[in-house]
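So the chains spell out like this:
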Amino acid sequence: MSLKNSGLIVGIGETAVGKHPGRSALDLQAEAVQKALADAGIEKNKIDAIYALGSYIEPTQLHGLGVAEYLGIQPRFQENVDVGGTVAFMSMILSAFAAIEEGRINIAVCVFGDNASTHRPPGTHGFLTQMKQGTEEYENPYGSSLVVSYALLARRYLDLYGLEPEEVFGPVAITLRGHAQLNENAAYRKPITMDDYKSSPWIAEPFRRLDCSPVVDGAGAFVIVSRKVAQQMSLPFAPVSVLGVGTQVTHKIVSQTPDIPELGMADAGKRAFEEAGLTQKDVDLVTIHDGFTASVPITLEALGFCGLGECGRLVADGGISHTGDLPVNTHGGLLSQGHVGGVMHVLEAVRQLRGHAGERQVRDAEVAAVAGNGNIFSICGMMLLAKGSN
Amino acid sequence: MADYDEAFWKSVDNNRMEIPFCRSCDEFFFYPRPFCPNCWSKDIERRPISGKGSVWSYSIVHFPHGPNEGWKSRVPYIVALVTLAENVRLMSNIVDCAIDDVRTGMDVEVSYRPFDGRTLPTFIPV
Numbered sequence: 051m052s053l054k055n056s057g058l059i060v061g062i063g064e065t066a067v068g069k070h071p072g073r074s075a076l077d078l079q080a081e082a083v084q085k086a087l088a089d090a091g092i093e094k095n096k097i098d099a100i101y102a103l104g105s106y107i108e109p110t111q112l113h114g115l116g117v118a119e120y121l122g123i124q125p126r127f128q129e130n131v132d133v134g135g136t137v138a139f140m141s142m143i144l145s146a147f148a149a150i151e152e153g154r155i156n157i158a159v160c161v162f163g164d165n166a167s168t169h170r171p172p173g174t175h176g177f178l179t180q181m182k183q184g185t186e187e188y189e190n191p192y193g194s195s196l197v198v199s200y201a202l203l204a205r206r207y208l209d210l211y212g213l214e215p216e217e218v219f220g221p222v223a224i225t226l227r228g229h230a231q232l233n234e235n236a237a238y239r240k241p242i243t244m245d246d247y248k249s250s251p252w253i254a255e256p257f258r259r260l261d262c263s264p265v266v267d268g269a270g271a272f273v274i275v276s277r278k279v280a281q282q283m284s285l286p287f288a289p290v291s292v293l294g295v296g297t298q299v300t301h302k303i304v305s306q307t308p309d310i311p312e313l314g315m316a317d318a319g320k321r322a323f324e325e326a327g328l329t330q331k332d333v334d335l336v337t338i339h340d341g342f343t344a345s346v347p348i349t350l351e352a353l354g355f356c357g358l359g360e361c362g363r364l365v366a367d368g369g370i371s372h373t374g375d376l377p378v379n380t381h382g383g384l385l386s387q388g389h390v391g392g393v394m395h396v397l398e399a400v401r402q403l404r405g406h407a408g409e410r411q412v413r414d415a416e417v418a419a420v421a422g423n424g425n426i427f428s429i430c431g432m433m434l435l436a437k438g439s440n
Numbered sequence: 014m015a016d017y018d019e020a021f022w023k024s025v026d027n028n029r030m031e032i033p034f035c036r037s038c039d040e041f042f043f044y045p046r047p048f049c050p051n052c053w054s055k056d057i058e059r060r061p062i063s064g065k066g067s068v069w070s071y072s073i074v075h076f077p078h079g080p081n082e083g084w085k086s087r088v089p090y091i092v093a094l095v096t097l098a099e100n101v102r103l104m105s106n107i108v109d110c111a112i113d114d115v116r117t118g119m120d121v122e123v124s125y126r127p128f129d130g131r132t133l134p135t136f137i138p139v
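The listed protein sequences derive, respectively, from chains B and F.
The number in this note's numbering is simply the position in the first sequence, starting from 1, with 50 added.
The number in this note's numbering is simply the position in the second sequence, starting from 1, with 13 added.
These are computed hints drawn from the structure, not numbers from a lab.
It should be emphasised that the depicted structure is a prediction, and the values quoted were computed from it without experimental measurement.
Here a beta-carbon is modelled for each residue, glycine too, at the ideal position from N, C-alpha and C.
Don't take every hint at face value.
Listed next, the stretches of chain B that the computed footprint assigns to chain F, with coverage defined by at least 3 CB atoms under 8 Å from CB atoms of chain F [as the list claims (entries may be wrong)]:
(1) 243-257
(2) 330-336
In the BS3-like style, the derived pairs of lysine-lysine whose C-alpha atoms are separated by at most 30 Å in a straight line are [unchecked claim]:
(3) LYS55/F to LYS302/B
(4) LYS69/B to LYS23/F
(5) LYS437/B to LYS96/B
(6) LYS54/B to LYS69/B
(7) LYS23/F to LYS85/F
(8) LYS437/B to LYS320/B
(9) LYS54/B to LYS23/F
(10) LYS55/F to LYS278/B
(11) LYS320/B to LYS85/B
(12) LYS320/B to LYS69/B
(13) LYS331/B to LYS320/B
(14) LYS240/B to LYS85/B
(15) LYS85/F to LYS182/B
(16) LYS278/B to LYS248/B
(17) LYS65/F to LYS23/F
(18) LYS85/F to LYS55/F
(19) LYS248/B to LYS85/F
(20) LYS69/B to LYS85/F
(21) LYS437/B to LYS94/B
(22) LYS65/F to LYS55/F
(23) LYS69/B to LYS248/B
(24) LYS23/F to LYS55/F
(25) LYS302/B to LYS23/F
(26) LYS23/F to LYS94/B
(27) LYS248/B to LYS54/B
Given these sequences and hints, build the entire structure.
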């Protein structure tokens, strides 16, 4: 199987992010699918497969069946792809491409959406408050949480390279807030300064509130079509191809994590670059699953976009801004657009490669890297997307 | 709770924490399972820890999100990943330590403390 010959991303759709108190996660996902199909110019009855990830805040089983029934469609295949963070969407793409390669499907839709902002239990915070890891017995008694787990990895990162949060995490938060100002569909658009960052209250050191991504209600979807069928269609917009994908699992809970340099991101990135026949220099923009500010430096360094411990300098020099050498999360990311599970990172990469990113458009964007991790860097992944059908 | 989890917490209740040791690998492992995650041998036993360790990383929690209500009244408190002398890493709390004094790499030793109606294997600076 060759990724280069399988399928193309031909449609994207997203709901408004924010608060949708009167709507279910399923309804948000349905809207995103409808928009993505309209964007691709494809009728609902043409869908052969649904790759969906159900709500984490109000989980249901057999989620993909629900998406199909709710939308009134009867595809051949459906899967619930619970993989972790933005890596889930890489897995959806790999599943769809494999099925295309085997001649089983021609058109697939991939979707995630949640309503964690308005439907989480009263008094709870965060994205995954209802998620069970299976090993709570060794974490909960100590007053831990997902934020604390991530904070432990972030502190390890800072101490490994002798850094302060203001040198690297703060500039990430400020840059991504700047990007959100250029995205009408971002929930947090008020500009912030380093003073705002420093006066933001501690949540779990080294994280302040501005280091943590706020949850929003919303959904995103994208459509995949086999190259064979794409040739027979008149696509409204230029397709986007997938040139390489790499993922790597190392652990689940934070006490079992390898040290920062041994996280799976480096191997995942290496495999994706090798498969695509590209290097870091070929990448015009990156989207990174940024549940917390620390995700950005840990990811960029592991992928070889800058030296170990050197991301702070890159960010402070404007390197990851939409006008910099390596624009990161031009849509604002989870940190400032709001947390929708990482699906928007795929949509933004496609939008940029189409040249549809408006004020935040990266000049001559031809190759985008989508990088992400699930849980606490427990699974890491990177994929390389390119403009056109190559 | 599974049998092997129960055995671990019972050893903690007795102020003598035991963790699993694989006789085939000649290594400890954590958290408990009925087999060694490295070699899958079932030739394992529970051995008491020396109590010595060091801080691998830590977080000072000011705004708890977690499911354990008891911690909300204790902020700020320190959650840490501690590497035991037995070369396993586990989550715990650092107690009897000012929040400004905790450091990565700091030597600590186990101290059994009552929290929320149970005993926890916490760690104190040495």
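Verification of the supplied hints:
{"no.": "1", "hint": "243-257", "in the structure": "holds (count 7)"}
{"no.": "2", "hint": "330-336", "in the structure": "violated (count 0)"}
{"no.": "3", "hint": "LYS55/F to LYS302/B", "in the structure": "holds, 22 Å"}
{"no.": "4", "hint": "LYS69/B to LYS23/F", "in the structure": "violated, 46 Å"}
{"no.": "5", "hint": "LYS437/B to LYS96/B", "in the structure": "holds, 24 Å"}
{"no.": "6", "hint": "LYS54/B to LYS69/B", "in the structure": "violated, 39 Å"}
{"no.": "7", "hint": "LYS23/F to LYS85/F", "in the structure": "holds, 26 Å"}
{"no.": "8", "hint": "LYS437/B to LYS320/B", "in the structure": "holds, 21 Å"}
{"no.": "9", "hint": "LYS54/B to LYS23/F", "in the structure": "violated, 56 Å"}
{"no.": "10", "hint": "LYS55/F to LYS278/B", "in the structure": "violated, 52 Å"}
{"no.": "11", "hint": "LYS320/B to LYS85/B", "in the structure": "violated, 34 Å"}
{"no.": "12", "hint": "LYS320/B to LYS69/B", "in the structure": "violated, 39 Å"}
{"no.": "13", "hint": "LYS331/B to LYS320/B", "in the structure": "holds, 13 Å"}
{"no.": "14", "hint": "LYS240/B to LYS85/B", "in the structure": "holds, 28 Å"}
{"no.": "15", "hint": "LYS85/F to LYS182/B", "in the structure": "holds, 20 Å"}
{"no.": "16", "hint": "LYS278/B to LYS248/B", "in the structure": "violated, 54 Å"}
{"no.": "17", "hint": "LYS65/F to LYS23/F", "in the structure": "holds, 20 Å"}
{"no.": "18", "hint": "LYS85/F to LYS55/F", "in the structure": "violated, 40 Å"}
{"no.": "19", "hint": "LYS248/B to LYS85/F", "in the structure": "holds, 24 Å"}
{"no.": "20", "hint": "LYS69/B to LYS85/F", "in the structure": "holds, 27 Å"}
{"no.": "21", "hint": "LYS437/B to LYS94/B", "in the structure": "holds, 25 Å"}
{"no.": "22", "hint": "LYS65/F to LYS55/F", "in the structure": "holds, 27 Å"}
{"no.": "23", "hint": "LYS69/B to LYS248/B", "in the structure": "holds, 28 Å"}
{"no.": "24", "hint": "LYS23/F to LYS55/F", "in the structure": "holds, 21 Å"}
{"no.": "25", "hint": "LYS302/B to LYS23/F", "in the structure": "holds, 25 Å"}
{"no.": "26", "hint": "LYS23/F to LYS94/B", "in the structure": "violated, 57 Å"}
{"no.": "27", "hint": "LYS248/B to LYS54/B", "in the structure": "violated, 46 Å"}
In summary, the numbered hints that this structure violates are 2, 4, 6, 9, 10, 11, 12, 16, 18, 26 and 27.
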